[in-house]
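So the chains spell out like this:
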Amino acid sequence: AQSVTQLDSQVPVFEEAPVELRCNYSSSVSVYLFWYVQYPNQGLQLLLKYLSGSTLVKGINGFEAEFNKSQTSFHLRKPSVHISDTAEYFCAVSDRDTDKLIFGTGTRLQVFP
Amino acid sequence: SQTIHQWPATLVQPVGSPLSLECTVEGTSNPNLYWYRQAAGRGLQLLFYSVGIGQISSEVPQNLSASRPQDRQFILSSKKLLLSDSGFYLCAWRGDTIPNSPLHFGNGTRLTVT
Numbered sequence: 002a003q004s005v006t007q008l009d010s011q012v013p014v015f016e017e018a019p020v021e022l023r024c025n026y027s028s029s030v031s032v033y034l035f036w037y038v039q040y041p042n043q044g045l046q047l048l049l050k051y052l053s054g055s056t057l058v059k060g061i062n063g064f065e066a067e068f069n070k071s072q073t074s075f076h077l078r079k080p081s082v083h084i085s086d087t088a089e090y091f092c093a094v095s096d097r098d099t100d101k102l103i104f105g106t107g108t109r110l111q112v113f114p
Numbered sequence: 003s004q005t006i007h008q009w010p011a012t013l014v015q016p017v018g019s020p021l022s023l024e025c026t027v028e029g030t031s032n033p034n035l036y037w038y039r040q041a042a043g044r045g046l047q048l049l050f051y052s053v054g055i056g057q058i059s060s061e062v063p064q065n066l067s068a069s070r071p072q073d074r075q076f077i078l079s080s081k082k083l084l085l086s087d088s089g090f091y092l093c094a095w096r097g098d099t100i101p102n103s104p105l106h107f108g109n110g111t112r113l114t115v116t
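As they're listed, the protein sequences go chains A and B. Okay, so the first sequence: first residue is 2 according to the working numbering, each after it adds one. Okay, so the second sequence: first residue is 3 according to the working numbering, each after it adds one.
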């Protein structure tokens, strides 16, 4: 069975600073990996996804993530955050044989002026 | 274009009352449909998913049930709500059966059981 661990429940950061949100997964098979963002009282929006190929994936709003198979990680990064990036971020994994997407517990990114 | 609708947006219900949350998808056919619950500090928990009319898979034993009476309609129900059923319920769809296609979420229903 797959699982996703997001070690940081909250990440406070000042505007224009870089940020990294950590995600580790466990799976016995090849996986697809996703990052979603949730703004208050809304559903989730896809930020980026890793399916295969290049391990560095670029998404919307200036975010990128790097797939590291040896460390089973898929950390999300942004070199300079804005106030508008304040939201909850979810890492998710899906294996190649099922239709289920398993989410982590989320990381709340709080950007301060 | 495809859209997903969930209603109501918020709901306050007493313990022991029934529940019916509805989700519909427009602009696509034969979607995979999902119900997730988001409780504080627990992330998103997959409750049910459906790959076709009348086909429901339950992920966790609980007080809730799901039904798919039409291709693009997914309903979450309970006969008697518990306090622990409070949370933010999200419906989602996926356009095809290939796992690499992303989920598209509705705006959610915030349920408070009092």
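Since the hints were made in silico from the structure, they are not lab data. Predicted model, so just to flag it, every value in this text is computed and none were measured. Treat the hints with caution; some may be incorrect.
To be verified - What follows is a list of derived Cβ distance ranges for each label pair:
hint, chain 1, residue 1, chain 2, residue 2, range
1, A, Pro19, B, Lys82, 25 to 31 angstroms
2, A, Asn69, B, Ala42, 37 to 43 angstroms
3, B, Asn109, A, Glu65, 22 to 28 angstroms
4, B, Ser69, A, Ser10, 31 to 37 angstroms
5, B, Ile55, A, Ser4, 43 to 49 angstroms
6, B, Ser19, A, Ser31, 40 to 46 angstroms
7, B, Glu61, A, Ser55, 43 to 49 angstroms
8, A, Gly54, B, Lys81, 47 to 53 angstroms
9, A, Glu65, B, Asn65, 39 to 45 angstroms
10, B, Val62, A, Gln111, 28 to 34 angstroms
11, B, Asn109, A, Ser4, 44 to 50 angstroms
Claimed, not checked - Here are some chain B residues pointing at chain A (derived, C-beta under 8 angstroms):
hint, residue
12, Val14
13, Val17
14, Ser31
15, Arg74
16, Ile77
17, Pro104
We put the CB at the ideal spot given by N, CA and C, even for glycine.
Status of each hint after checking the structure:
no., hint, result
1, A/Pro19 x B/Lys82: 25 to 31 angstroms, "violated, 50 angstroms"
2, A/Asn69 x B/Ala42: 37 to 43 angstroms, "violated, 30 angstroms"
3, B/Asn109 x A/Glu65: 22 to 28 angstroms, "holds, 27 angstroms"
4, B/Ser69 x A/Ser10: 31 to 37 angstroms, "holds, 34 angstroms"
5, B/Ile55 x A/Ser4: 43 to 49 angstroms, "violated, 31 angstroms"
6, B/Ser19 x A/Ser31: 40 to 46 angstroms, "holds, 45 angstroms"
7, B/Glu61 x A/Ser55: 43 to 49 angstroms, "violated, 32 angstroms"
8, A/Gly54 x B/Lys81: 47 to 53 angstroms, "holds, 48 angstroms"
9, A/Glu65 x B/Asn65: 39 to 45 angstroms, "holds, 41 angstroms"
10, B/Val62 x A/Gln111: 28 to 34 angstroms, "holds, 30 angstroms"
11, B/Asn109 x A/Ser4: 44 to 50 angstroms, "violated, 27 angstroms"
12, Val14, "violated, 15 angstroms"
13, Val17, "violated, 24 angstroms"
14, Ser31, "violated, 16 angstroms"
15, Arg74, "violated, 17 angstroms"
16, Ile77, "violated, 18 angstroms"
17, Pro104, "holds, 4 angstroms"
Checked against the numbered hints given earlier, this structure breaks hints 1, 2, 5, 7, 11, 12, 13, 14, 15, 16; the rest are met.
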